[in-house]
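Chemist: Listed below, chain by chain, are the residues.
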Amino acid sequence: MSTHSSVHAVNSPLNPTLHHHEEQSFWRKYIFSTDHKVIGIQYGLTSLIFLFFGFTLMMIMRWQLAYPGEAIPFIGKMLGDDRAPDGVMLPEFYNQLGAMHGTIMVFLGVVPLAVGAFGNYIMPLQIGAPDMAFPKLNMMSYWVYFTGGIVMLASFFVPGGAANSGWTSYPPLSDIATTGQTVWLIGMVFLITSSLLGSVNFIVTIVQLRTQGLSFMRLPFFVWAQFVTSFLLLLAFPPLEAAGVLQLMDRVAGTSFFLPSGLVVSGQQLANTGGGSPLLWQHLFWFLAHPEVYVLILPALGIVAEVISNNTRKPIWGYKSLVYAAIFLGFMSFIVWAHHMFLTGMGTAISTFFQTTTMIISIPSVIILSALFISLYGASIRFTTPMLFALAFLPMFGIGGLTGLPLGLAASDIPLHDTYYVIGHFHYVVAPGTIFGLFAGIYYWYPKITGRALNETMGKVHFWGSFVCMNLIFFPMLIQGLAGVSRRLYDGGQQYAHAQGVLHLNVIMSVAAWVMALFQIVFIINFFLSLRTGKKASSNHWEATTLEWSAAPTPPVPHGNFVTIPQVYRGPYEYSVPGQPKDFTPQNEIVKV
Amino acid sequence: MEIPYTISPRPETGLFNAKMGIWLFLASEVMLFGALFTTYILLRVGAPEWPRGELDIPLATLNTAVLISSSITMVMAWASLVMKNFKKYRAYMGATILLGVVFLIIKGFEYSHHFMAGEIPSKNTFFAIYFTLTGLHGLHVIGGMIVNTYFWGPGSKMWKTEPERFTNRIEVAGLYWHFVDLVWIFLFPVLYLL
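Just so you know, the sequences run in chain order P and Y. Mapping the first sequence onto this note's numbering, position 390 (from 1) lands on 383, and the numbers just tick up by one. So the mapping is simple: this note's numbering equals the position in the second sequence, first residue as 1, plus 212.
Just so you know, the hints here were simulated from the structure itself, not pulled from any lab data. The beta carbon of each residue, even a glycine, is placed where N, CA and C say it ideally should be. Just to be clear, a hint being listed does not mean it is correct.
[Stated by the list, open to error] Here are the simulated lysine-lysine pairs, BS3-like style, with alpha carbons at most 30 Å apart:
#1 Y/Lys372 / Y/Lys299
#2 P/Lys529 / P/Lys307
#3 Y/Lys372 / P/Lys129
#4 Y/Lys231 / P/Lys22
#5 Y/Lys231 / Y/Lys296
#6 P/Lys575 / P/Lys528
#7 P/Lys129 / Y/Lys319
#8 P/Lys575 / P/Lys529
#9 Y/Lys299 / Y/Lys369
#10 P/Lys585 / P/Lys313
#11 Y/Lys300 / P/Lys313
#12 P/Lys307 / P/Lys528
#13 Y/Lys231 / Y/Lys372
#14 Y/Lys296 / P/Lys22
#15 P/Lys528 / P/Lys22
#16 P/Lys313 / P/Lys575
#17 Y/Lys372 / Y/Lys300
#18 P/Lys129 / Y/Lys335
[Claimed, not checked] Partial selection, computed: residues in chain P whose CB lies under 10 Å from chain Y:
#19 Ala126
#20 Ser223
#21 Leu228
Full structure from sequences and hints, please.
Modeler: Set out below in structure tokens:
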């Protein structure tokens, strides 16, 4: 007994906006477009390329860790004599790979994909907006990000190679490092600027452009996740920008913000005046970089919530607690940063403060994860590819979160901090955690963006292969870390007494990483093949309730998204409502009783 | 399709899009300068001695007056538009830009005086933070002047076609300009007087 008037209107060929729309040149339409959907796709493709590039850097590193001192096969000779003479990697090059793997994955890969791509494309559709609030600023964000990416890539070719002081760029090492570090700082200024412009745009769009009837408590959880994420980007990035400016001054103008007095390098005293504080950088850096962890994880949680609700055909359990938990998480993430710095010899009072806040911040994370788990209870689950990724996300993120608890307590952090345990913990959160969430998003929204669905069989091959390999890569890291293997060794621990018992794991991890690359190739083939041969998708392919599926045509109308702006009547996850003829009731549907 | 609330405010928030945008941007600017002021405090409390009396207080006092005056003319420029007096707007906006130029010239005198005396950023931590803070503030002044000059010149054509939207733009530019002024109000006592 229901009508879906708006759904019919969407498919109507008499589309007034399309007729009024002027034909634009190729450049305006695809390159310098102000349409949030085109910008979202630009972000998506660029960040996927950077993700694969960052992964490749890591695969080269893993050769050195598994087979130290042996020539790198296939590409070893191409790297050049200043990086790998006769194909054998130099320690300096290993350091560059380490620093750039982290930088590229975090700042050029995951965040732009999670926020720039999904946020840009999906969020305006989900709130029933015709575009972002500032379309030109949106275009500028992308191009500033793109420039920052090019600057980062170019840094490999300056004398001395790319930045090699780790993605955290701790001084004094980074202050006296080769030119690559200066280029890294300039690249970061671009990336930070892009994030700032983007986050202002996101917040204004969500607050101002919500359609009629879409109150805050009716927003899909994905929009909430983007909203909190944008605040984190807006307020946490500027201190890193300040720190970047100060480090740039140290390197270019000869100041000593981060250089202590009387610093001796290679037996010679530095000419700088000193008087600075290396710890200052760590405070400013982690003031950004801890909220950044939640920037990495929140959009993925948002995607997983959407996918789980859609494939369990049930409302999300505890929507309000999810929302409040996300907001609380956002606030708390600003006062936990120094738990990254227990090793620096902070006073016990400060350590106690930060370990207390760290324990408190685990509460909202557990609330979110529990709510998502409980949502599965009693459902008849559709095991589609996006759902598989979303389901795998839950225990993987769980492992990542639980292994973080010992790192939040100063006493147990001190022996673990410089070991592979930290690498294992962080990657469980971000790789099989966030990246699985992002893959779920790609499989879930691909039909909306392209009009065709990705191949399910290839998707499942991609999923199971990645799932097994991810665990084979990262679980041994936890074991090595507990055995005490330092995370900063160029030879994987060959000359390290602690490491002897767990050295064989290096080969397993490396082989798993390379095999995982093969499964990513399946995804890449699927991605391009399905553009032409994929199953045609209807405008509501997954029978979902949120506006991007129920109100917008597939693909959405260029510059405007909707034929008529939808009106919202209910919350985001009204699945299997008793008494309704179908198991989903879209947000914009008028139900006649 | 038109983007809503570019000119008229959204009833629940009482803000048009750009006004909310500039407030958020200013929040991030507070964090940027906040981090730098924190750096200043940390370096100063950690230093065995801190140089005093190295800066020219009379010149900086004059500059403070110049910048506050420019904030007043900026408000007058916006108020003139609200009262539909475009000629007055041009005069006040022109004055704002000129006062910005005066500020930079005075700052330039101060800078060159320091450079002549060999007081460059690498001399000590005090001059490092002094040049970083005032330099970044100077860049913000220049940025604001570029925007204001655009709205004084070619950008003011919008007054004929969309007067309300143009008034909004001046309000937003004004908010930014007042913020830049406010940063100086903090910089002056922190660097020159304390």
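Chemist: Hint by hint, note whether the structure agrees.
Modeler: Going through the hints against the structure:
In summary, the hint linking Y/Lys372 to Y/Lys299 is supported, as the alpha carbons are separated by about 13 Å, within the 30 Å threshold. The straight-line distance between the Cα atoms of P/Lys529 and P/Lys307 is roughly 26 Å, inside the 30 Å bound, and the hint therefore holds. Simply put, Y/Lys372 and P/Lys129 have alpha-carbon atoms about 23 Å apart, close enough for the 30 Å limit, and the pair holds. A C-alpha spacing of about 29 Å is found between Y/Lys231 and P/Lys22, which places the hinted pair at or below 30 Å, so the restraint holds.
Our distance criterion of 30 Å between C-alpha atoms is met by Y/Lys231 and Y/Lys296, whose separation comes to about 20 Å. Restraint check: the Cα-Cα separation between P/Lys575 and P/Lys528 comes to about 23 Å, which is no more than 30 Å; the hinted pair holds. Straight-line distance between C-alpha atoms of P/Lys129 and Y/Lys319 comes to about 34 Å, which puts the hinted pair past the 30 Å bound. Taking the CA atoms of P/Lys575 and P/Lys529, the gap is near 22 Å; set against the 30 Å cutoff, the hint holds.
As the CA atoms of Y/Lys299 and Y/Lys369 are separated by approximately 13 Å, the hinted pair is consistent with the 30 Å bound. Restraint check for P/Lys585 and P/Lys313: the C-alpha separation of about 27 Å stays at or below 30 Å, so the hint holds. For a cut-off of 30 Å, the pair hint linking Y/Lys300 to P/Lys313 is broken: about 52 Å separates their Cα positions. Among the hinted pairs, P/Lys307 with P/Lys528 is consistent with the structure: their alpha-carbon atoms are about 26 Å apart, no more than 30 Å.
A hinted pair counts as satisfied when its Cα atoms are at most 30 Å apart, and Y/Lys231 with Y/Lys372 qualifies at roughly 22 Å. Simply put, Y/Lys296 and P/Lys22 have alpha-carbon atoms about 38 Å apart, too far for the 30 Å limit, and the pair is violated. For the hint linking P/Lys528 to P/Lys22, the alpha-carbon distance of about 26 Å falls within 30 Å, and the restraint holds. Between the alpha carbons of P/Lys313 and P/Lys575 the distance comes to roughly 25 Å, so the proposed pair stays at or under 30 Å and holds.
As the CA atoms of Y/Lys372 and Y/Lys300 are separated by approximately 15 Å, the hinted pair is consistent with the 30 Å bound. A hinted pair counts as satisfied when its Cα atoms are at most 30 Å apart, and P/Lys129 with Y/Lys335 does not qualify at roughly 43 Å. Look at P/Ala126: its Cβ gets to within about 5 Å of chain Y, closer than 10 Å, so that hint holds up. A cut of 10 Å between beta carbons decides the hint on P/Ser223: the least distance to chain Y is about 9 Å, and the hint holds.
At its closest, the beta carbon of P/Leu228 sits 5 Å from a beta carbon of chain Y; the interface hint therefore holds under the 10 Å criterion.
In summary, the structure is inconsistent with hints 7, 11, 14, 18 from the numbered list given earlier, while agreeing with the others.
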